[in-house]
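Undergrad: Let chain E serve as the given structure and place chain X on it in line with the hints.
Line by line, the protein sequences give chains E and X.
The letter at position 175 of the first sequence is residue 175 when you use the numbering used here, and the numbering goes up by one with no holes.
The letter at position 12 of the second sequence is residue 12 when you use the numbering used here, and the numbering goes up by one with no holes.
Treat the hints with care, as some may be off.
Claimed, not checked - Result set (PhoX-like, lysine-lysine): computed pairs, CA atoms no more than 20 Å apart in a straight line:
no., chain 1, residue 1, chain 2, residue 2
1, E, Lys5, E, Lys141
2, E, Lys18, E, Lys185
3, X, Lys166, E, Lys141
4, X, Lys166, X, Lys186
5, E, Lys160, E, Lys220
6, E, Lys18, E, Lys47
7, E, Lys141, X, Lys137
8, E, Lys74, X, Lys124
9, X, Lys200, X, Lys148
No lab work stands behind these hints, which were simulated from the structure alone.
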Amino acid sequence: MAINKVVQNAQEAIEGLKDNMTVMFGGFGLCGIPENAIAAIREKGTKGLTCISNNAGVDGFGLGVLLESRQVSKMISSYVGENDEFERQMLSGELEVELIPQGTLAERCRAAGAGIPAFFTPAGYGTEVALGKEVRWFNDKPHLLELAFNAPFAFVKADKGDTAGNLIFNATARNFNHAMAMAGKITVAEVEELVPVGELDPNEIHTPGIFVQRIFKGEKFEKRIEQRTVRSKS
Amino acid sequence: MALDKNGIAQRIAQELRDGYYVNLGIGIPTLVANYIPSGIDVEFQSENGMLGMGPFPFEGEEDADLINAGKQTITALPGAVYFDSSTSFAMIRGQHVDLTVLGAMEVSEQGDIANWKIPGMMVKGMGGAMDLVASAKNIIVAMMHTNKQGESKLLRQCTLPLTGVKCVTRVVSNLAVLDITEKGFKLIERAPGVSVDEIKAATEGRLIIEGDIPEMKL
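Just chain X, with the same shape it has in the complex:
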């Protein structure tokens, strides 16, 4: 069965390593914080200016001065630190952040990503996404494999305006885990009960299948 959004987040959480500083984008990526493997310490960076981001506050304890990059009220964990926006992006551009997880509308087999603009629709802006994708060394995209019309979002070439080029390292979708390689999307794992043929049918970009493809363990 294809994964739901929480399943995708759960699978991405397996990519976390002890000592990682992680930036999570809005949407599915935010859910990754709910599935940190036990026994490891990671810290979440929020590009509006904090490290050590904690869960949402209890009702009545919200602080207008303490929000995440999605403008939601949050809390700070022990060891947290606040800083200004230019320092925040120094962390990002300077590759001090170990892992970036973000959503996408399209990803190409070269690792290009489109996630900020649909021509003809109200454009809200790229926020910090272009800075993140241009600099991060490890970028995982969390996305549904196909759009609402059933069309593949893993393409030979992106059709939407790009956020960054040749930057995505791995895609975790509702159907599969795929790595971006020189030859295209390399299939690493299947969602439980999803066949290689189903993944093939849902992937427009070149798909590399080598040997038996294991199922994800969640």
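Isolated chain E, as found in the complex:
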């Protein structure tokens, strides 16, 4: 029988989350973010979090919610600052920010999940990202040594999942969710649709359930659009 990973709600899903932990959040901008886990963390009031997330949300939505309530002490991201409160906290020194190249961010997640403690990448050589890092040359090119992340919790969002934690994403909402699901010691997946095992076609599953420890159906998904761009029909 398949292992049942279902928890009843977001509150139960974040059990064990403690102050000062390092936590991953899937998503790119506001696309594919774990909205329900973020709301539950806000409610629980866990503080001093180091958040690994490509972006930092916007005022009042996404990780912006946890910034507003001062629950985040450090952000590890590739692109931030679509967010006045973020900017204010960063400039005042309340919030520590570590910016790293996006591909390095993704690979540090993947490596963590794949049992690779470190890897070499050319990204950032010759820039301030390289400060203090070991450089080695391969194929006549310089590379930086980068370390895998270590995150006790990863919060991800998928379109569909089954009770065994197998996940299917929709369109570009996959982004960091897959690699972060691999990386988390406890990976919590929230899904729009939760189905019994056997209903997902094994050929179509993006993230195998072995990477997911807890799964729940999100109560509500607002799925806000950050940059609505359209063309006219005429």
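TA: Below, chain X without anything else, positioned relative to chain E:
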């Protein structure tokens, strides 16, 4: 006359070849998609996780789950594919992307590029730019030749924090097309009606001028 942003994009589009996978940065590079030469097939990669990116959706057809790397709502063309971020950067680092077009604040005559940070200003981050410039084999920079103060952005050495070193292959500005060579910026083409002297005056880095420099054909 110097080119506008659309003119720069139009000129860069002439660099597209049939079968190219292309990554376009935010700003002027995005406009390149509007000028794909007829008769060739190219596919656009968006580093947040898709190939086969299409135009913006019609009003009412936006999908929060379908965005580009600039977080704008977009559409998918037939044959499109979605993937996760680590796979996306495997494509980039693994040199599976044929052409990368991005904007810059400064480019040096060695091909160094600065486009992510201005000291003293709010820093938003490098996003995927450092991964792109460190790995891509063909990097075209789309930029204005001078900044708002009229100072050259094509320099001997970049003054701003770098995004990558010795990586740019070609610059297409509002004034000229220039290649990065061992000896400096080699002038390839002039914008229509722009003289070699005007380009010289606007270029702080070493400029190599060999023979007659043709005008761009747009």
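Undergrad: Each hint needs a verdict: does it hold in this structure or not?
TA: Hints and how they fare:
1. Lys5/E / Lys141/E: At roughly 45 Å apart (the allowed maximum being 20 Å), Lys141/E and Lys5/E break the hint.
2. Lys18/E / Lys185/E: 14 Å, holds
3. Lys166/X / Lys141/E: 11 Å, holds
4. Lys166/X / Lys186/X: 15 Å, holds
5. Lys160/E / Lys220/E: 14 Å, holds
6. Lys18/E / Lys47/E: 8 Å, holds
7. Lys141/E / Lys137/X: 12 Å, holds
8. Lys74/E / Lys124/X: Holds. Lys74/E to Lys124/X sits at ~15 Å (cutoff 20 Å).
9. Lys200/X / Lys148/X: 18 Å, holds
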